[in-house]
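Here are the chains, one letter per residue:
There are 2 protein chains.
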Amino acid sequence: MVTQKPGTDDSRAAASRTDPLTLEVVELIGSVVARYYEEYEVAAGKHALTGAQARVLGLLSLEPMPMRRIAQKLKCEPSNVTGIVDRLEARGLVERRPDPADRRVKLAAPTEEGLDTARSLRESLDFAREPLGELSREERVSLRGLLQRMLGQGGAP
Amino acid sequence: MVTQKPGTDDSRAAASRTDPLTLEVVELIGSVVARYYEEYEVAAGKHALTGAQARVLGLLSLEPMPMRRIAQKLKCEPSNVTGIVDRLEARGLVERRPDPADRRVKLAAPTEEGLDTARSLRESLDFAREPLGELSREERVSLRGLLQRMLGQGGAP
DNA sequence: TATTGTTATACTCTATAACTATA
DNA sequence: TATAGTTATAGAGTATAACAATA
Chain Y
1 MVTQKPGTDD SRAAASRTDP LTLEVVELIG SVVARYYEEY EVAAGKHALT
51 GAQARVLGLL SLEPMPMRRI AQKLKCEPSN VTGIVDRLEA RGLVERRPDP
101 ADRRVKLAAP TEEGLDTARS LRESLDFARE PLGELSREER VSLRGLLQRM
151 LGQGGAP
Chain G
1 MVTQKPGTDD SRAAASRTDP LTLEVVELIG SVVARYYEEY EVAAGKHALT
51 GAQARVLGLL SLEPMPMRRI AQKLKCEPSN VTGIVDRLEA RGLVERRPDP
101 ADRRVKLAAP TEEGLDTARS LRESLDFARE PLGELSREER VSLRGLLQRM
151 LGQGGAP
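Residue numbers (UniProt numbering), protein chains in the order written: chain Y, 1 to 157; chain G, 1 to 157.
Because the hints were derived from the structure by calculation, they are not lab data.
Do not take every clue at face value.
A pair counts as met if it fits within one copy or between any two copies, since identical chains are not told apart.
Unchecked claim - Straight-line Cα separation of at most 16 Å, EDC-like style, residue types lysine to aspartate or glutamate; simulated pairs:
1) Lys73 x Glu63
2) Lys73 x Glu38
3) Lys106 x Glu89
4) Lys75 x Glu41
5) Lys106 x Asp86
6) Lys75 x Glu39
7) Lys75 x Glu38
8) Lys46 x Glu123
Being a predicted model, the structure only gives us computed values, none of them experimental.
Between the sequences and the hints, there should be enough to build the whole structure, so can you do that?
Okay, structure coming up:
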């Protein structure tokens, strides 16, 4: 962990924090993240939704789920979900249904209008992510591999 | 560069919204963004800072600046910056100085402790971004090029 | 007893509008 | 008049703690 012997994971990780190339890539990732978030908020705003509301609606459009699970997905406290779903429900985009299997549980599910909004939102977001259109097929394959490696989903180096 | 027959920008962009490869890459970018944000919040939290406070402190650690300019950098209203800097100032991490050139302006600048915190925060963040350590030098060069292209900073396709 | 969802409370971030002190 | 920063206000997201209904 202390001394650097070229080739070990430690030395490579340590070098990656300081060499100019890596810092440059880190900056670029920061830029991508900032742009992604910004365009996400704009897309949500076009539907008069906050970021959190758009995330929950997108989640429910894939599959209705108990309040508790929404909180887990959002990595927030369950008490917060109450308010977010309240506001989506007040707009007629989501409804609460009883769970036949457990009367403690309330299942949040999108309405028809909610599904439409989620679809429209998803298309806006895909469009927002369009910078990928700048890349050729080969480049996208390459980028996919690199991102998988970064996320620890790829094979061994 | 484009494998498909129709090589116009429009057709390429349209295809990029629907083909499985691109959707996969879009998903991966989403994962990177989520992880980046999550680890950023955790790193800030370790210093008992909110995300917004950490961003402002990081900004000021590079260069003191007027309140107005902080708002521009954060893309928020100037009135919000007052509170964020108030809280950083109450913690002794930032101070407000008069601008000799314009008595309306207040320059926000980090204190010594603020600089230390910013440095420590930056190191946490670099560590958070460490998945890059998984990539070889060649792969990082490749990733840099792809991200630059995505952000429209690279040369023409 | 444990779990689900909610309420109550407090804090932060956010935008809008009005105010002050300079320019 | 115009600009920089602030205050006041209101809405939204967040965590914590306490609660009712159900398991």
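Cross-check of the supplied hints:
Taking the shortest Cα distances, Lys73 and Glu63 sit within 16 Å of each other inside one copy (12 Å), while across copies they are farther apart (37 Å). In this homomeric assembly, Lys73 and Glu38 come within 16 Å of each other (Cα to Cα) only across copies, at 13 Å, whereas the closest approach inside a single copy is 21 Å. In this assembly of identical chains, the alpha carbons of Lys106 and Glu89 lie at most 16 Å apart only when taken from the same copy (13 Å versus 44 Å across copies). Within a single copy, Lys75 and Glu41 get their C-alpha atoms only as close as 19 Å, which misses the 16 Å cut-off; across copies the closest is 12 Å, which meets it.
Taking the shortest alpha-carbon separations for Lys106 and Asp86, only the intra-copy value of 13 Å comes in at or below 16 Å, while the best inter-copy value is 41 Å. For the identical chains of this complex, Lys75 and Glu39 are inter-copy neighbours only, at 12 Å across copies versus 22 Å inside a copy, given an alpha-carbon limit of 16 Å. With identical chains, the CA atoms of Lys75 and Glu38 are at most 16 Å apart between copies only, with a shortest distance of 9 Å across copies and 20 Å within one. In this assembly of identical chains, Lys46 and Glu123 lie within 16 Å of each other by CA distance solely inside one copy; the values are 12 Å within and 37 Å between copies.
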